[in-house]
Amino acid sequence: MNKGDELQNLNNKDSAAITKNNQVIKKLVMIVFGMFAFGFALVPLYDVFCDITGLNGKTSTTAAAVYNVDQIDTKRIVTVQFISRTAQGIPWQFEPMVREIKVHPGEMKLVKFYAKNESTRDIIGQAVPSVSPGLAAAYFQKIECFCFTQQPLQANEEVEMALQFYVDPELPEDISTLTLSYTLYDVTGKVES
Amino acid sequence: MTTDVIEQESHDDHHDDHKMKGIKRWLYTTNHKDIGTLYLWFAFIMLLTGGALAMVIRAELFQPGLQIVEPDFFNQLTTVHGLIMVFGAIMPAFTGFANWMIPMMIGAPDMALPRMNNWSFWILPFAFGILLSTFFMESGAPNFGWTFYAPLSTTYSNGSTAFFVFAVHIMGISSIMGAINIVVTIMNMRAPGMTYMKMPLFVWTFFITAYLLIAVMPVLAGVVTMLLTDTYFGTSFFDAAGGGDPVLFQHLFWFFGHPEVYIMILPAFGIVSTIIPAFARKKLFGYSSMVYATASIALLSFLVWAHHMFTTGMPLFGELFFMYCTMLIAVPTGVKVFNWVATMWRGSMSFETPMLFSIAFVILFTIGGFSGLMLALTPVDFQYHDTYFVVAHFHYVLVTGSLFSIYAGAYFWLPKWTGHMYNESLAKWHFWCSLISVNLLFFPMHFLGLAGMPRRIPDYALQFADFNKWVSIGGFAFGLSQLIFLAVVIKCIRGGEKAAAKPWDGAEGLEWTVASPAPYHTFSTPPKID
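Sequence lines, in order, name chains A and B. Taking my numbering, the leading residue of the first sequence gets 1, the next gets one more, and so forth. Taking my numbering, the leading residue of the second sequence gets 1001, the next gets one more, and so forth.
Chain B on its own, in the form it takes in the complex (with noise of 0.2 Å):
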């Protein structure tokens, strides 16, 4: 791939920004970098609330007992500290993503949907106003866990129903919305001669998800509806004594749910097979096996749901349909992890931080999609139901894997993006800190649960005394240690070491072509590929 850089920049030079001054820049803007940087400012503050939230859930637990909070209102922390993180902190970090990196990967010069892109970001804020204005209520906000299952959200709701769904259905309207945009701008907006293998991974992985958003949100506004008109207007989907069925809720959920857990995976995938060949100083290997390894883990993620309910009392059948599909999806993820380890192998490495988080992800990753596995065997599934094991699972998923790989591209693109050198020692801090405390907080978890401890209870066994302490302890350093990345951030921006247009030697990518920081408007004419 090359590109007339020379070309590029005087044709931005002659260019006017035509941007409006002050709060009306980002209010009214259309252009994707300003949006992008919306999304992930937006994504990081709700990162800090959902993780503030985390704490006093770690100050509660850190000794038994009842100290702090009481038990409804510590089902109203872990509720609503879920679906901050899922909704408003993974999800909207890769929009963020998507806005700002894809149209200059395919040589585009904006996204192909500016002023629907403005709207699904502006949006957003209202979802997570209304969801969190419900902690300043009489009733509470929502205690009824981030999976909402009925009769819990219906029946037995504290009142906090209606605003739990109408933030989710202007969350699902915002994911909608950008993900039709991504899909619009990628299938129409590449640069002449870039053809779909010739495609970034990065950008492989936001179609597919895309894809995957456009076809699950629906049914997880279809879900909220039912949930709203059984609470309020006396229909009986998930109600037994009128017909319904309280484990259609959970087979309607988690027909949404499973490939939920893809589209805030799939992503960090695009962004570690970005990372990892740059600074292995190799290509990636097997770019179209990853392609396809994608693809099939999206297409299977609509074969799984069931195997969040083995302990539902679903007929034999069923259960080893569910296992047997669930394991299927260790053979894709596995492709992936394998050509990850194959591009580092006999690579001339170098570890900036990027790297760090990347290499992190790979084995951190894996062990979550290790214990995963364990949880699809039907059989011992219903020991680690509901248990701290669980817990343990989808935090080394989703916080060492996607965000983990939010921080590497972080890093890896600030010097696009701001235009400076990010401090490599701070950030080395933030790596360290965060990779320490990170184990200290999940890892014991794993012989909680496998010891019997439950999830979502305030108060526990005096056995599990002393590794809830340890845990506690890595929680608030881990807290703590996202302050530093917010510093290296601040930092950045204001200033440090002038960043070239290429500062990382084995980076590819057309993003790379462009000056650093990025020219307001990039590839209004789009470049030539070979």
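So here's chain A without its partners, still in its complex pose (with noise of 0.2 Å):
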């Protein structure tokens, strides 16, 4: 072999080389991106778990669609206890005007929270709904709630606000209590944005 078959060659075994490397890059840099965005796709599946499980203690912040309930189950009791937070730096007053009520499975209740914006500036506040047990979160129906919307306080507003609900009659039978908690959050610089 000449020096120039010999070069020829090399230059044909890197070229195959290259032509080898780049096909596993190609699949590489595929998982890559794959992976990116099956992190962002994560985030919806997560939310979409959480709802069909009814883990998570999530509850729908939309109003249930009908009221669909057959009979109201007169035979059983559950306890609906509600608790209100609200988060760092809102300065509102906010908590239930009912601490517990006892209810009938499909039989409809109405209940009021109270709000103040005690500072002397106007502020949106959000209400986030969680309930515990998490898995009874797929049985609480709520027909009107306050959490729905934004709420705006002006200085010093105070507000009485509304919440509709019934417990769904197939609530799991071991499940006698229900704790709503809300926590108010400030949405003003994110409404204003």
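By construction, these hints were calculated from the structure, which means they are not laboratory data. Do not rely on the hints blindly, as some may be mistaken.
As the list claims (entries may be wrong) - In silico negatives: residues of chain B with every beta carbon more than 10 Å from chain A:
{"no.": "1", "residue": "N1188"}
{"no.": "2", "residue": "F1255"}
{"no.": "3", "residue": "S1350"}
{"no.": "4", "residue": "T1378"}
{"no.": "5", "residue": "F1464"}
Claimed, not checked - Distance condition first, Cα-Cα at most 27 Å in a straight line; then the derived DSS-like pairs of lysine-lysine:
{"no.": "6", "chain 1": "B", "residue 1": "K1491", "chain 2": "A", "residue 2": "K20"}
{"no.": "7", "chain 1": "A", "residue 1": "K142", "chain 2": "A", "residue 2": "K102"}
{"no.": "8", "chain 1": "A", "residue 1": "K27", "chain 2": "B", "residue 2": "K1024"}
{"no.": "9", "chain 1": "A", "residue 1": "K75", "chain 2": "A", "residue 2": "K116"}
{"no.": "10", "chain 1": "B", "residue 1": "K1491", "chain 2": "B", "residue 2": "K1282"}
{"no.": "11", "chain 1": "A", "residue 1": "K20", "chain 2": "B", "residue 2": "K1198"}
{"no.": "12", "chain 1": "B", "residue 1": "K1024", "chain 2": "B", "residue 2": "K1528"}
{"no.": "13", "chain 1": "A", "residue 1": "K20", "chain 2": "A", "residue 2": "K75"}
{"no.": "14", "chain 1": "B", "residue 1": "K1019", "chain 2": "B", "residue 2": "K1491"}
We put the beta carbon where it would ideally sit given N, CA and C, even for glycine.
Join these two chains into a complex; the hints should help.
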């Protein structure tokens, strides 16, 4: 083999190696972008997963479409407790006007929450609900809730906010107490931007 | 495995090195050995930097009360200490080993993508430059813990989130490029005849680790991007007020975070599996079971992330699922520990420093593994969560695990890298000082945690005072002991007993068939493998 052939041979070998490398690189880069996208896809997937399984105590933030209960289960009594807290930085008074009520599954109830903006500026609040035990979240149906919308309160304004709900009669037998917790956040900055 | 050593050496003699002089050699280098050296030095500098931060932490915790630093600055110290040790010390050190050793072990002339290799190293100093520069800014460094849980890092951030996010992005890109390079090299550049199941276990562990990196570093990049937009652009991925969920952050983070801990330990398994057979003068026991164990640990690592989140109010089914999956990992890990012990069993052992560090690794990593099993038990995790028990656990696996394996590997291959034998008695000093001080440093932390001392606090209840004093003394001693290593390495580079091509009589592998120090270019023609 003379020098020229040897070089030619080497070049062929190199370009073959480069194509082989490029094939692998292409696949790996696709995995990289795929996993980056997967990270973002996990965000809606997480919500769907919690929604289906009722894990995490996430309760719907939209109204139950229809009140489709055939009969009220008067034999069972479920205790529903209400708690509220304000996130750091929102100068509102915010609490349930009833701490606890007893309902029959299927029975519609209306309770009220009290909120007062104790500061001297206008603030928009957003209440975020959560149900404990988490598995009961799927059976807690809200017909009307102040958490469906944002609550703008002017300085020193106070308001009574309504929550209309029923507990689905399908609620598992072993759950006799539900706790509905609201956390109130200041979303003024977010709304304005 | 045999190769024609003489042909190899004479071949290299005819070569011109094409080395540039001075700083340009290091800036422009595409040579896998140069880049490996750069990675290893960078990792060691970061180890000392992160260690210096830890020294301040231990000085503050030497006695109860606030002595030296403000609580907010203390939080910055713990955060940056964690980030530097994980992303700056352990991971680049392993990439350094990969660069130096993989081409030599599989009989390749260099890494497959040398130019990208240069890039993946040289962006790293910028990442850590950005991260460390925040210490000198008005807002201060990140103070939300290396796990950067939202909303601590979003709503309550001190303003360093953007710097943190960009630093992590750069580290991630560097790791991904490094990992792609490793995979391509191993898949395409093995010497003819080296089938996958003939590869040294060292190469296997890095191969699997590289896949883990490619799979999870992009998820980390996604999480920090969400963090960035949540903090500065008004999105609500993790903000409950806008319909997001802070618990989602933890799911996403640990989906990256748990495979990440195996990224930091699988290469350690590879190093130790190379060294123990060499000094036990026996073949590695159960090679193929080691390969499968490594692969199954890697696969299981994707199914256990929520064991970091037992106290977030997960439903019972979730807790049980993640508990059992986590405990399942003990099986392949147990296979590994068994194989290391079986390799030593009736071997004709000798105890040079690499072997000492490897044996210490096996014992102390197992202790760390056992405390990990305890943490995996959901009911008791409620007691251990966020206490010093967790700190003890992950320092046993990361310091006496990963770091000790790095030391073992460094001593093992120093003769190959420098051409000189290191000073064995100084190295033994390094080992024994480290071994004693590291246990004084981390072992009492188990009891502090069980007694209820929370992690990430600058001050503590009085009853923890005595133990913390001893822990701090252990910490200072361990910190100082690492300077012995620096001395050994510098001495070894500058001179010492000339190393033979194969200075360890029990060692096996292609890297020992080339001269010591390894010529600038090795295996320009692939070796023959039987």
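| request: Check each numbered hint from earlier against the structure, then list the numbers of those it violates in ascending order. | output: Hint check: 1, 2, 6, 8, 9, 10, 12, 13 fail, others pass.
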